[in-house]
Amino acid sequence: MMVDLGVCLGVDDQTGDDVSSGQDTGAQNSQDNQSSSPYWRPLEIKNVKSVLEENPQPQKSHTLVPAFAPNGSGKKMRKRCSPCYHNLVDKCGSSYARSNTRIVHTVCDACDVAMCTECFAYHIHQTESIVAPSVGE
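When the letters of the sequence shown are read in order and numbered with UniProt numbering, they come out as residues 1 to 137.
A hint or two may mislead.
Cross-link-like lysine to aspartate or glutamate pairs, in silico, EDC-like; alpha carbons within 16 Å at most [to be verified]:
1) 76 / 128
2) 79 / 112
3) 76 / 112
4) 79 / 109
Pairwise CB distance ranges (calculated) [claimed, not checked]:
5) 112 / 73: 12 to 20 Å
6) 125 / 73: 31 to 39 Å
7) 92 / 61: 14 to 22 Å
8) 66 / 122: 18 to 26 Å
These aren't lab readings, by the way, just hints derived from the structure by calculation.
Beta carbons are placed, not taken as given, at the ideal position from N, Cα and C, and that holds for glycine.
With the sequences and hints as input, model every part of the structure.
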């Protein structure tokens, strides 16, 4: 795959003029100058796909895990279920949502969002339908 740096840098292919500022870059209008100048040398990208495949990013699975305090004390954290809270805020306001949202001790491991079991089940269903390809593809 070859990429022309002139296109990436906003330079006119014919004259070498800087398109964005309207200033002349001083490049001659000949093929010899363009091919010998490092400014006009095309950028060659090889094996990008193989590099990405060699260093895959590890992805956490969506699992509901206990939420522990970040200081390492081993205490379970009490949090509000985030989806429940946002639904109640939209319907009834924040003061009502603060006092009536479920308190949970669990978070989604991949998303780091506090969730109750009902919201987690919905979250998993939504995540799988977005990530997983359909059968016909």
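Of all the hints numbered above, which does this structure not satisfy? Sort the numbers upward.
When the structure is compared with the hints, numbers 1 and 7 turn out to be violated.
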